[in-house]
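**Q** Quick note, the sequences are listed as chains V and G, same order.
Heads up, the final residue of the first sequence is numbered 85 in the numbering used here, and it's a clean run with no missing numbers.
Heads up, the final residue of the second sequence is numbered 321 in the numbering used here, and it's a clean run with no missing numbers.
Since the hints were made in silico from the structure, they are not lab data.
All clues stand as given, with none of them false.
If you want the ones that stay clear, here's a sample from chain V, every Cβ over 10 Å from chain G, calculated:
#1 ASP27
#2 VAL31
#3 GLY77
Output of the computed footprint for chain V on chain G, the stretches with three or more beta carbons under 8 Å from beta carbons of chain V:
#4 154–168
#5 185–198
#6 213–225
Residues of chain G placed beyond 10 Å of chain V at every Cβ, according to the derived structure:
#7 VAL90
#8 ARG265
#9 PRO297
Note that this is a predicted model, so its numbers are computed, not measured.
Where a beta carbon is used, it is the ideal one built from N, C-alpha and C, also for glycine.
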Amino acid sequence: MRDLVEYVLRGIVARPDQVQVEESSDDRGTVLRVRVAPEDVGKVIGRGGRMARALRTLVRAAGVRGGRVVLLEIEDGRPRRDASR
Amino acid sequence: MREVVASGRTVEEAIAAALERAGLTREEAEIHVLDEGSRGVFGLGAREARVRVVPRAQLPEEPPDARTLATATEIARTLVSKMGFSASVLAHATERGLFLDVQGEDLGLLIGRRGQGIEAVETVLSAMVHQATGSRAEVEVDIGGYRARRRQHVAELARRAARRAVAQGKAVHLPPMDARERRVAHTTLAGDPKVTTRSEGTGEARHVVVEPTGRAVPARPARRPPRRPQPQGRGA
Numbered sequence: 001m002r003d004l005v006e007y008v009l010r011g012i013v014a015r016p017d018q019v020q021v022e023e024s025s026d027d028r029g030t031v032l033r034v035r036v037a038p039e040d041v042g043k044v045i046g047r048g049g050r051m052a053r054a055l056r057t058l059v060r061a062a063g064v065r066g067g068r069v070v071l072l073e074i075e076d077g078r079p080r081r082d083a084s085r
Numbered sequence: 086m087r088e089v090v091a092s093g094r095t096v097e098e099a100i101a102a103a104l105e106r107a108g109l110t111r112e113e114a115e116i117h118v119l120d121e122g123s124r125g126v127f128g129l130g131a132r133e134a135r136v137r138v139v140p141r142a143q144l145p146e147e148p149p150d151a152r153t154l155a156t157a158t159e160i161a162r163t164l165v166s167k168m169g170f171s172a173s174v175l176a177h178a179t180e181r182g183l184f185l186d187v188q189g190e191d192l193g194l195l196i197g198r199r200g201q202g203i204e205a206v207e208t209v210l211s212a213m214v215h216q217a218t219g220s221r222a223e224v225e226v227d228i229g230g231y232r233a234r235r236r237q238h239v240a241e242l243a244r245r246a247a248r249r250a251v252a253q254g255k256a257v258h259l260p261p262m263d264a265r266e267r268r269v270a271h272t273t274l275a276g277d278p279k280v281t282t283r284s285e286g287t288g289e290a291r292h293v294v295v296e297p298t299g300r301a302v303p304a305r306p307a308r309r310p311p312r313r314p315q316p317q318g319r320g321a
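Required output: the full structure, derived from the provided sequences and hints.
**A** Written out as C-alpha cells, the structure is:
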C-alpha cells in the first residue's frame, strides 16, 4: 500500500526525492502519512482538493481489495485537522 | 471545434452553460458577452444574458507520439497492478490527447460507485502522464467499458426523452448526471430539430431537460418571470 502511494506521489511531484510515506496502524486501520516538499503540497492536494480526493479514493479501493481500511493523511505544514476524512 | 452560444439568467450562468455545451474549461475558451441581459422591471422587458464561447487558439496540442502513449500505458499498468487489480491497458491517441482503456476481470471496486473510481484514476493518471512526458494532452480513462456503456445508456435515455417530449408536447427531465454525461445527452439530440435541450438544477441535482422545439418561451418574453431559460439557450 505504501508502495502504491509512493509510486503515485513520485509520479506527480517536482521533487520525488522528498516524498516520504510513513505507514502505521491505529484503531481506525492502516494510516499512511504523506510528506512532500513544501512546493509540492499544492500539487498533491490539487485544485479544490481534487487530487487529495482522488488519492484517497484509490487508496480506499486498494484497501478494500486487500481487505483492510486504509487512511491517507497529507501533511500540509499547517496544524493538524481531523485527519480521518 | 465550433463555437457555442448560450443564455442564462446572469452572465455567469450563461458562461457556465456555454462552456458545458462546448466541453471546454474556462481556460480553454474565449468568452464573448453578447448581451448582458436585463432584469427588467417587475419581470417586464427582462432579457437573458447571452454569451458566445470559442475554443482558444484551437489548442495547438499535437497528437501524442508513440513514446508518450507507451509511457502512459506503462504508468497505468503499474498503477492498476499496485492497487491489486489485474488488468490490461490499451492506449490510443484522441483528438485532444490520449485514451487509456483498462480491461480485465473483477474491476468493480476500481470503477467505484457511479464511476467515481474511474474519475480518481483519471485525475491521478493525467498528473502522472503530464509530469512524465511534459505534455499537456488530455488523458481520458475508461475501466471495464463502464463509461462506454454509460454513454450508450445516456444516449438512449435522451432519444427516448425526445420522443416522449414530442409526443406529449411537454418538457421531459432526465435523471441527474455529471457534466460528462449531460454533454452526451446534449450532443445526442443536437441534430434533432424537433427538440431543444438545456440543463437545469445545481450540483448533484443538475440534469438535462428535453423539450419540444418552439413550445417554450416566445421570442420576446413579455410576462414570464425571468427565471425561465430561453429555448435557443439549449444552455447546458
